[in-house]
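Chemist: Chain A is already provided as a structure; the job is to place chain B on it using the hints.
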Amino acid sequence: MKTNILKSILVSFSLIALASCSSDDDGEMDNVNPGMVTIEFDSNFAGNELTIGNANTANTNGEALTVTRFNYIVSNIVLIDEDGMEYTYPKENSYFIISEDSNDALADNTSIVLNDVPAGKYTAIKFGVGVDKEKYDQGLSGAGDFWDAAQEYDMTWSWAAGYKYINFEGTYTSATITDEAYKVHLGRASDEVTNYTETTINVPSGSAIIVNEDMAPEVHVTTDASALLTASEAVSLEAYGNAIMGGEGAVKVATNVPLVFAVDHVHNNEAGNSSH
Amino acid sequence: MILTLIGCQNNDDDGYTNVLVELEVPAHFPEVTYNLTNNPLTKNGIELGRKLFYEGAVSSTGTVSCGTCHEQKYAFTHHGHTFSHGVNDLEGTRNTPPVQNMAFLENFAWDGATGHLDLFPIIPITTEVEMNETLESVIEKLKNKAGYKALFADAFDDGEVNSENFLLALSQFMVTMVSADAKYDKYIRNEEQLTEDEQQGLAIFEQKCASCHATALFSDGSFRNNGLQPNPKLNDLGRSKVTGFEADNYKFKVPSLRNIAVTAPYMHDGRFGSLEAVLAFYNSGVVDSNTLDPLLHNNGSLGIPTTEQERTVLIAFLNTLTDNTFLEDDRFSEK
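Protein chains in written order, with our numbering: chain A, 1 to 276; chain B, 1 to 335.
Isolated chain A (complex conformation) (with noise of 0.2 Å):
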């Protein structure tokens, strides 16, 4: 990480936040002794620090990478706990951009609050990576703060007007190309290719998310950027001309965009205490 002041921002789709509790079977999950939540993303390449604007050793597809911005849209938040129920986080409050660029004027963020969590023991963690077309189909209306944040970290598209869910830019080095910029921007190409992928990651065996009004956990996901262009498929950004922003190249990101994302620990913190 560039830094470790972990700034976040909460964008907020409506002034009123509902706290909605719900669950799979059962009826009604009662919100007694809600807590709140950390997620922070560190972010990582190939299981070394990503360190904005320094080279990597070269992916499995032969490109040594330096990444100069790595911004991403973390949405529609469930938590889930050791009997499987889900915890919905509101979504009008379920949008999030996680942030690391080598624009000093960007405030890195790397971490989500979640608020009024219900308490209980939570051993997994589902949410999107980018605009589902639901929340894509209410336009405008009640997007207003967070249109105007993705716009200020530049992830809306003015030519295919909408949100870009991944910004993933920097240059890297082949064995025919050397410090050429690439460009890989993933977004919705039309309703039936959204591109907006979900992904569920459980907490390590043995441990859990202790949520209660005196308790204020961490929990600590790590991102790997490489994965983005190796996990399942192998996305060589030479075979795509330098720039992925659609296409069948947009299509296998999005493919490996679930795999990125592991939860490497959890500190169950007691509120007013905060460790790293």
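None of these hints come from the bench; they were simulated from the model.
Please note: incorrect hints may appear among the correct ones.
The list that follows gives simulated cross-link-like pairs (lysine-lysine, PhoX-like), each with its CA atoms no further than 20 Å apart [as the list claims (entries may be wrong)]: (1) B:K43 / B:K149; (2) A:K252 / B:K241; (3) B:K183 / B:K51; (4) B:K73 / B:K51; (5) B:K51 / B:K141; (6) B:K241 / A:K183.
Covered by chain A, according to a simulated footprint, are these stretches of chain B (three or more residues, beta-carbon under 8 Å) [claimed, not checked]: (7) 171-184; (8) 236-248.
On the chain A side, residues computed to face chain B include the following (Cβ under 8 Å) [stated by the list, open to error]: (9) T66; (10) L106; (11) E134; (12) D137; (13) G139; (14) L140; (15) S141; (16) A143; (17) W147; (18) D154; (19) A161; (20) G162; (21) A250; (22) P258; (23) F261.
Built from N, CA and C at the ideal position, the CB exists for glycine as well.
Modeler: Using the frame of chain A, we list chain B on its own:
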């Protein structure tokens, strides 16, 4: 009369008074695609949208408004311009399509650059050759321009001058721009008869054109390659510019044919100056390619063959799609 005011008053402590407006959907039209629940039409919202549509401050030079390119008497197209002219008279590469019946479309722009009307205005505002602005700076300008604070306050609950309300107001206005009162519509409503020629034209149209130019909108909303020879200078790939798929090369949104008699020039690049030229193209100018629509590829013959007599009556029919009520409706005019 397309809009009816329903007597629902919204009156709060700030003196915010607004009246909900119901969109009256013509019986022979497909369903509304725009989500009116998320952005309910109000009298003040529509009125603000109309003002913004004709507001030059939306462009970097302060002189180009949406209405500059989308002129009412030409069904909100840029009549006589092959390509749209924006700020500093820079030329775009696409012909300006009409803004009409937007409430019923799934995708916007020739290539479907966006699937949501709210997001559409971001494209012209931020395009260098169109309005060359940023949304943020447009909002700043509006905040400092007399009158707008009050207009936004009257139009929206939260009353803010911000990008959300700006775009919602523009959508409200565009959603009300329904064209459904042409001679053809009167014929459908049994209010008027078509002439012999017009009727023959309709029959040929249904047989040869309506598979793509479908429904009362005269478009099925799909993206297709109708066989235009690509202009090598522009090489506009159309739909694939958005999706990135080669299979979408040279496909463009099937345009509505409403008010077609007043919207020359024709096609995404405005290459044809008359309807005669369009029909001559379908008759003998269609060019084969990997993505040519299969409907234009019949047992080795290309295009849509028509006789001269058929072309004459087809044009007579197309002329029945001109809706003077819409073209002269002062609810849509600059005033």
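Chemist: Determine for every hint whether it applies to the structure shown.
Modeler: Now for the hints, and whether the structure bears them out:
1. B:K43 / B:K149: 17 Å, holds
2. A:K252 / B:K241: 18 Å, holds
3. B:K183 / B:K51: 30 Å, violated
4. B:K73 / B:K51: 18 Å, holds
5. B:K51 / B:K141: Roughly 14 Å separates the two Cα atoms, so the pair holds.
6. B:K241 / A:K183: Roughly 16 Å between the alpha carbons, so the hint for K241 of chain B and K183 of chain A holds.
7. 171-184: violated (count 1)
8. 236-248: holds (count 7)
9. T66: 25 Å, violated
10. L106: 15 Å, violated
11. E134: Violated, about 11 Å.
12. D137: 7 Å, holds
13. G139: 3 Å, holds
14. L140: 4 Å, holds
15. S141: Since the shortest Cβ distance to chain B is 4 Å, the answer is holds.
16. A143: Since the shortest Cβ distance to chain B is 6 Å, the answer is holds.
17. W147: At 6 Å from the nearest chain B Cβ, W147 of chain A passes the 8 Å test, so the hint holds.
18. D154: Not OK, violated: D154 of chain A not within 8 Å of chain B, min 12 Å.
19. A161: 4 Å, holds
20. G162: 6 Å, holds
21. A250: OK, holds: A250 of chain A within 8 Å of chain B, min 6 Å.
22. P258: Hint violated; P258 of chain A Cβ to chain B Cβ min 21 Å, cut 8 Å.
23. F261: With a minimum Cβ separation of about 25 Å from chain B (threshold 8 Å), the hint on F261 of chain A is violated.
Of the numbered hints listed earlier, those contradicted by the structure are 3, 7, 9, 10, 11, 18, 22 and 23.
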